[in-house]
Amino acid sequence: MKKFISLCVAAALILPVHAGAQVFNHLSLGIGGGTDGLGLQLAAPLGSHVDLIAGYGLGLGLIQVQAGQISVPDHPGSATSSNVSVPLKLGFGMNEGRLLFNIYPGKSGFHFTVGAYMGSSHVLKAKLAGMPSVYNTVGIDVDGYLVKANNGQLDLSLCANGIGAHAFAVKPYVGIGYGRAIPNKAVSFSVDLGAQYQGKPTVWAKGEGLTGRIEEVQITEKQLSDIGKLQEEVGKYASFWPTLTFHLYIKLF
Amino acid sequence: MKKILFALVALLPLLVSCGKDSKGDNKFEDPHFIQYAGKLVPNTYVPAASSLTKANGLSGILKSIEFTESGLYVVGTLVDGKLQFTTGTYTVNGNTYNLNNFGTVELTVTGGSMASVIIHYLSGLTETLLADFRRATGTNVAYRGWTIDKTRVTINGFHTPATADFVGCNFDEMAKFLNDNGHKGSLLPSGSLKSVSITGAGSIIFGYSDSTADLGTCTVNGNSVNFSWESGSRLLEVENGKATIDYMDGKCILTIEAALKGSTTSGVVTFVLSPMD
Numbered sequence: 001m002k003k004f005i006s007l008c009v010a011a012a013l014i015l016p017v018h019a020g021a022q023v024f025n026h027l028s029l030g031i032g033g034g035t036d037g038l039g040l041q042l043a044a045p046l047g048s049h050v051d052l053i054a055g056y057g058l059g060l061g062l063i064q065v066q067a068g069q070i071s072v073p074d075h076p077g078s079a080t081s082s083n084v085s086v087p088l089k090l091g092f093g094m095n096e097g098r099l100l101f102n103i104y105p106g107k108s109g110f111h112f113t114v115g116a117y118m119g120s121s122h123v124l125k126a127k128l129a130g131m132p133s134v135y136n137t138v139g140i141d142v143d144g145y146l147v148k149a150n151n152g153q154l155d156l157s158l159c160a161n162g163i164g165a166h167a168f169a170v171k172p173y174v175g176i177g178y179g180r181a182i183p184n185k186a187v188s189f190s191v192d193l194g195a196q197y198q199g200k201p202t203v204w205a206k207g208e209g210l211t212g213r214i215e216e217v218q219i220t221e222k223q224l225s226d227i228g229k230l231q232e233e234v235g236k237y238a239s240f241w242p243t244l245t246f247h248l249y250i251k252l253f
Numbered sequence: 001m002k003k004i005l006f007a008l009v010a011l012l013p014l015l016v017s018c019g020k021d022s023k024g025d026n027k028f029e030d031p032h033f034i035q036y037a038g039k040l041v042p043n044t045y046v047p048a049a050s051s052l053t054k055a056n057g058l059s060g061i062l063k064s065i066e067f068t069e070s071g072l073y074v075v076g077t078l079v080d081g082k083l084q085f086t087t088g089t090y091t092v093n094g095n096t097y098n099l100n101n102f103g104t105v106e107l108t109v110t111g112g113s114m115a116s117v118i119i120h121y122l123s124g125l126t127e128t129l130l131a132d133f134r135r136a137t138g139t140n141v142a143y144r145g146w147t148i149d150k151t152r153v154t155i156n157g158f159h160t161p162a163t164a165d166f167v168g169c170n171f172d173e174m175a176k177f178l179n180d181n182g183h184k185g186s187l188l189p190s191g192s193l194k195s196v197s198i199t200g201a202g203s204i205i206f207g208y209s210d211s212t213a214d215l216g217t218c219t220v221n222g223n224s225v226n227f228s229w230e231s232g233s234r235l236l237e238v239e240n241g242k243a244t245i246d247y248m249d250g251k252c253i254l255t256i257e258a259a260l261k262g263s264t265t266s267g268v269v270t271f272v273l274s275p276m277d
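If you're matching them up, the sequences are chains A and B in order.
One point on numbering: in the numbering used here, the residue at position 71 of the first sequence is 71, and numbering is uninterrupted.
One point on numbering: in the numbering used here, the residue at position 196 of the second sequence is 196, and numbering is uninterrupted.
For reference, chain A alone in the conformation it holds in the complex:
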C-alpha cells in the first residue's frame, strides 16, 4: 500500500514537469463535506493532468447516531452491583489537514486521487449519556489520569494513527472521483469515493492528572476489558475509513 501511494505521489509530481505545463496558474476554493467531516480546501493545477488540493476538515459531531447500548455496573467496584444500560452515541470527530493530488487520465472530470490526511488522530466522538451519578466522582485510573463522567456523560474518542502517531496521524488516501477541482468555468462539482488507511482504532478519553493536568489517555483492555473487546471488534472493520465526499469548487482566478 505504502509503495503504491509513493509511486502515485511521485507520478503526480513528475507528470507536470514532463508535460511542461504551467503550475499554480489557477486557484479554486472548495467547500463540502462527507465522511471526512466538513471541509474547506484550495486547489491549484500542477499541469493539465494533475491538481494539488490542500485543505482542512473538521467533524463537529453535530450528527450523532446511536450505536447500541453499553452495560455498566451501577457501582464499578462492587460484586453485588446491578448493571445499567446506557446508550452509546457516535459522531464524526476528525480534525485534520489534507494534501491530495487529483490525477486526470483524460479530458473528462474522472480522476484518481492519492495523498494523505494529516493531523489529529480522532475519527469518532463517542458519548455515553445517562451514566449512574456515581461515575461523576468514580472512574478509572489510566496511567495516573482519572477518567470519569461529567454530569452523567462520559466522552470518549475513537482514534487512529494511520502511519503516524497519536499526536500527529498520517492517513494515506486513495480514491476515484468525478469532477474538476479547478473549474473550467466559474464553479464545478466533484464527488469522490476512496479510503483512508487509518490502522487499528483505539479508544481515548480525557483524564485529570494528580496535579490537575488534563491529558488525553488511551483506555486499553488492561483498564476496561469491555473496551478491549470493543477495540478488537471495531479493528476488524475499521482499518480503512471509507471516504465519500462532495465538494463545490469556486474558481478564484
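Think of the hints as simulated: they come from the structure by calculation, not from any bench.
Where hints are given, some of them may not hold.
Chain A residues, not near chain B, derived (Cβ > 12 Å throughout) [as the list claims (entries may be wrong)]:
1. THR35
2. ILE63
3. GLY152
4. THR211
Once the Cα atoms are required to be at most 16 Å apart in a straight line, the calculated EDC-like pairs of lysine to aspartate or glutamate come out as [as the list claims (entries may be wrong)]:
5. B/LYS23 - A/GLU208
6. B/LYS150 - A/ASP74
7. B/LYS23 - A/GLU215
8. B/LYS150 - B/GLU127
9. B/LYS23 - A/ASP143
Which chain B residues face chain A? A few, computed with CB under 10 Å, are given here [stated by the list, open to error]:
10. ASP165
11. ASP172
12. VAL272
Since this is a predicted model, take the numbers as computed values, not measurements.
No residue lacks a Cβ here, since even glycine has one placed at the ideal position from N, Cα and C.
Since the structure of chain A is already known, use the hints to place chain B on it.
Chain B alone, transformed into the frame defined by chain A:
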C-alpha cells in the same frame, strides 16, 4: 518544481509532534525549622504517668518528642502499654522549644547526642531529664511537613478497579466510597488526615484533624519509601505497605499500595502534597 519543494518544506513543521510536558518545576525552599529538627528520646529519667496527667490532658509515660523540619512536634506517650501520639506546632527561641498546647522544652546538648532537657508543662509542672537527641540528617527534599491537597484512592474491585479523587483526605468520605463498592470502609479511622511529615531523623508522621498523630520509622531511598508504623498506630490496619515518592508540578506525590487487614480490599492511595512551609 521549486514551488512544490518549497511547499513540502513548509509542511515539514507539521510533522513534528509534541510530547507531553515534563514534570514541571519541582524546586522547594528549605523548610523553616530544618536546623532545629530532631528526635528526643528520654533515656535516664521517665516521668511518672501522674506527671503527664497534669500536663494539659496528656497522660502516660513520655517516650519521645519529635521536632519536624516544618515546625510540627509529635509527643509520644505510653498509656496502658499503648503508644499514643499528639501533635502541634512549635517555635524556637534560643535553646527553648515552645510547643503549642504542651509547654516548653529547654534543650542543652551536653556532648554527642546527649542532651539535658527541662520540660515546663502548661500545668506549671517542671521536669528534668537526660535524653538522646537525634538530629535530623540528610538533605532529602522529602524531609519536611506536607499538607494534603488531594487524595486519589483506587480499589481493586470485583468488576474493575475503581478510582475516586477526594479533596484533602476525609476518611468518612473514603469509607462511603469503599462501602458503596462492597468493601469494609468501617476499617478506616474517622476524621481527616491533615498532614504528612517525613523527617531526617527517620520518621513518618500522619497528623490528624483532632491533633492526634500516627508515627512510624521511615527511610527514603530514591523514589522508594520504606516505613513501618509504631505499635498503637491506627494505620496498622493497613498491611503490606509499599510506598513511592515523586515530584510533579511543585507537588509531592506519595503513593502507597496497601491492603486492609481482615478485608478483601486492596488498592492504591496517592496523596498530592504541598509544602507546609
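Worksheet item: Which of the numbered hints are not met once you compare them with the structure shown?
Response: 4, 6, 8, 11
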